[in-house]
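Undergrad: If you read the sequences in order, they're chains A and B. FYI, the numbering for the first sequence is 1 to 327, going by this note's numbering. FYI, the numbering for the second sequence is 1 to 290, going by this note's numbering.
Simulated from the structure, these hints should not be mistaken for laboratory data. Please note that a few of the clues may not be correct.
As the list claims (entries may be wrong) - Taking beta-carbon pairs under 8 Å as the criterion, some of the chain A residues facing chain B (in silico): (1) Ala-98; (2) Phe-101; (3) Asp-103; (4) Thr-106; (5) Ser-107; (6) Val-111; (7) Leu-112; (8) Asp-120; (9) Ile-121; (10) Met-298; (11) Thr-300.
Virtual Cβ for every residue (Gly too), placed ideally from N, Cα, C.
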Amino acid sequence: MSCPPVLPVLEVDRLSVSYRTERGDLKALRNVSLQVPRGEIVGIVGESGCGKSTLISAMIRLLAPNAQLDSGEIRFRGEDLLSLDLESMRALRGDELAMVFQDPMTSLNPVLSIGRQMRDIQYRLKESKADKNARSMRMLEKVGIPDPQARLRDFPHQLSGGMRQRVAIAMALMMKPSLLIADEPTTALDATLEVQIIHQLKALQAEIGCSILFISHHLGVIAELCDHVVVMYAGEVVETGSVREIFHSPSHPYTRMLLACDPGGITERTKVLPIIRGFLPDLVDLPAGCVYRDRCDMATEACAEQKPELKDLDGRKVACLLTAESL
Amino acid sequence: MSRAKLLRPDGLLISTWRKLRRDPLGMFGLIIVLLIGVLTVFAPWLAPYDPNEVDVYSRLLPPSGDHWLGTDQLGRDIYSRLLWGGRVAMKVSLLAISVSMAIGIALGMLAGYGPRWLDRILVVTFDTIRSFPTIMFALAIVALVGSSLNTVIVIIIIASIPIYGRVVRTQTLALRDRDFILAERAMGASTVRILFRHVMPNIAAPLFILASMDVPVVVGMEAGLSFLGLGVKPPTPSWGSILNDGYSYIRNSPWPIIAGGIPLILVTLGFTFFGESLRDIFDPKLRKKG
Chain A
1 MSCPPVLPVL EVDRLSVSYR TERGDLKALR NVSLQVPRGE IVGIVGESGC GKSTLISAMI
61 RLLAPNAQLD SGEIRFRGED LLSLDLESMR ALRGDELAMV FQDPMTSLNP VLSIGRQMRD
121 IQYRLKESKA DKNARSMRML EKVGIPDPQA RLRDFPHQLS GGMRQRVAIA MALMMKPSLL
181 IADEPTTALD ATLEVQIIHQ LKALQAEIGC SILFISHHLG VIAELCDHVV VMYAGEVVET
241 GSVREIFHSP SHPYTRMLLA CDPGGITERT KVLPIIRGFL PDLVDLPAGC VYRDRCDMAT
301 EACAEQKPEL KDLDGRKVAC LLTAESL
Chain B
1 MSRAKLLRPD GLLISTWRKL RRDPLGMFGL IIVLLIGVLT VFAPWLAPYD PNEVDVYSRL
61 LPPSGDHWLG TDQLGRDIYS RLLWGGRVAM KVSLLAISVS MAIGIALGML AGYGPRWLDR
121 ILVVTFDTIR SFPTIMFALA IVALVGSSLN TVIVIIIIAS IPIYGRVVRT QTLALRDRDF
181 ILAERAMGAS TVRILFRHVM PNIAAPLFIL ASMDVPVVVG MEAGLSFLGL GVKPPTPSWG
241 SILNDGYSYI RNSPWPIIAG GIPLILVTLG FTFFGESLRD IFDPKLRKKG
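Generate the whole structure from the sequences, applying the supplied hints.
TA: If you want it as structure tokens, here you go:
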């Protein structure tokens with residue numbers, strides 16, 4: 001390497017998180033590593049229960065009370081978030097590290113006006129109310145809300161779902177964070193709105209120069225928005241790479257099946273949509289070997305014994321014994 | 001209503017007033033509440049006589065043009081005494097309710113948002129106080145420190161804190177795991193900020209209603225304690241002591257006790273109707289069908 005590598009904004013390093021349950025420890029995340037480079041958009045895909053939400057809760061240090069950090073580090077601009085004291089962590093949240101939630105219908109305070117909530121986010125600034133309102137209005141304008149001055153007086157129930165999510169995005173980006181974590185922000189919206197919001201998010205990201213960690217199970221959205229993709233399965237990262245690599249030549253069998261199952265990618269008329277047979281493994285009592293093996297069409301005997309590590313493969317990383325051998 | 005009106009809803013106060021105006025019982029309540037407010041605030045100017053002026057030649061008179069509600073056993077004008085007694089009742093209820101509500105909010109939010117062990121301790125404390133008959137409690141306190149208006153206020157405050165504390169705790173518990181509270185935490189809001197900026201406005205409406213319905217309870221408590229001689233000291237007029245005086249002379253004249261009972265009935269009806277109407281306005285889900 002000739003030039004020094006630019007420090008990624010966020011670096012998750014072999015993170016393991018488990019939940020204490022009545023049946024035993026549920027290993028929700030195991031050795032998860034990923035990077036969000038400065039100024040880029042990284043998408044995390046995976047089916048429900050793959051650990052996406054646990055991962056972001058760990059990043060903002062708002063894990064459920066029964067969660068336990070087993071090992072690993074989450075470095076934000078070089079600093080380990082997991083060893084920060086609560087006050088310094090709180091200082092980062094909303095300022096350098098912002099978040100947009102999945103359901104815009106419940107993520108705004110129902111009894112406070114939009115203007116008041118947007119001013120509230122800026123509480124760290126020593127500015128007049130008028131200055132804060134002006135900034136709120138500029139942000140609302142940027143996320144494509146017409147007549148922002150009037151909207152400041154509105155209450156959340158007076159806005160549609162799409163408008164509320166725009167407000168939530170405006171609030172999250174208000175303090176120009178280094179990293180925006182978006183937890184399925186378009187899942188609760190309809191398809192046309194989804195596209196609009198994705199484009200706006202991309203434009204804002206370019207303007208502010210922040211990085212985005214975008215969680216979704218919608219492959220089309222990931223392909224449209226992201227630079228890199230992290231594919232998660234049952235609490236592990238199975239494949240990471242650029243959007244182009246992952247979508248054009250997926251190498252992990254799970255990624256391939258996931259893409260094959262995307263209704264957007266199906267060209268032939270069919271009565272039966274493709275599915276991945278079987279279910280997620282029990283995370284309390286994990287089988288040895290590869291976690292995906294029970295559902296994998298290509299699994300061999302070796303897959304039941306040896307646990308595949310995430311290995312470099314032409315710039316991307318894959319955790320599969322077969323691809324490492326066959327390629 | 002014009003289209004602009006539909007798009008630009010009015011503030012909370014105006015819209016509440018608009019809905020209240022359509023509710024006859026609520027309006028009736030509001031009028032009584034305002035009437036009592038005006039009469040007690042301006043009692044020194046409205047009372048035709050000094051409430052403690054004794055006139056033994058005109059004792060136990062029935063209502064007349066000179067004495068609108070008659071006179072008591074010492075010839076004091078009952079109407080004037082009722083006005084001054086209303087000041088005592090309103091002072092006690094305003095002070096007692098605002099202080100017990102403030103303490104109840106603080107403790108209730110601590111219980112609802114704080115750690116589990118603190119919640120347990122506070123709930124047990126609330127229940128202990130609530131399970132104590134107020135009169136017994138009042139007798140014990142008066143026996144210890146003697147009777148006075150301040151003692152009455154303190155007794156009522158202690159007895160009312162659990163009412164507010166429990167409501168605030170339940171509401172806070174219901175709110176603490178809501179998404180917008182999580183969103184606030186994710187955006188770096190401190191616990192104090194979350195409680196006062198985000199939880200408080202959400203529980204303000206039920207608390208306001210509770211406070212309004214609590215006024216007759218507190219007025220009744222003060223009157224009861226004064227009736228038993230545990231409250232304000234004579235000759236200071238209080239609705240309870242007026243009733244007690246009337247009770248002693250009920251064989252001579254029914255007027256003192258009739259006149260003394262009217263304000264208690266009015267306060268109870270007025271604040272209850274007003275409170276119920278507000279509850280319906282703020283929480284349409286609770287409204288009875290029909």
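Undergrad: Evaluate each hint against the coordinates.
TA: Taking the hints in turn, this is what the structure says about them:
With a least beta-carbon distance of about 7 Å to chain B, the hint placing Ala-98/A at the interface is held under the 8 Å criterion. Taken as an interface hint, Phe-101/A checks out: its beta carbon lies about 5 Å from the nearest beta carbon of chain B, inside 8 Å. The restraint placing Asp-103/A at the interface with chain B holds, with a minimum CB-CB distance near 6 Å, inside the 8 Å limit. With 8 Å as the threshold, the beta carbon of Thr-106/A comes within range of chain B, its nearest partner Cβ sitting at about 4 Å, so the hint holds.
At its closest, the beta carbon of Ser-107/A sits 5 Å from a beta carbon of chain B; the interface hint therefore holds under the 8 Å criterion. Annotation: Val-111/A was flagged as interfacial toward chain B, and the flag holds, the nearest CB pair being 5 Å apart, inside 8 Å. Interface restraint check: Leu-112/A against chain B, minimum CB-CB distance 6 Å, threshold 8 Å, status holds. Annotation: interface hint on Asp-120/A holds; nearest CB of chain B at approximately 6 Å, less than 8 Å.
Evaluation of the Ile-121/A hint against chain B yields a held restraint, the C-beta minimum of about 6 Å falling below 8 Å. A distance limit of 8 Å between C-beta atoms decides the matter here; for Met-298/A the minimum to chain B is near 40 Å, and the interface restraint is violated. With a cut of 8 Å, the hint placing Thr-300/A at the interface with chain B is violated, because the nearest CB-to-CB distance is about 44 Å.
Hints 10 and 11 from the earlier list are contradicted by this structure; the remaining hints agree with it.
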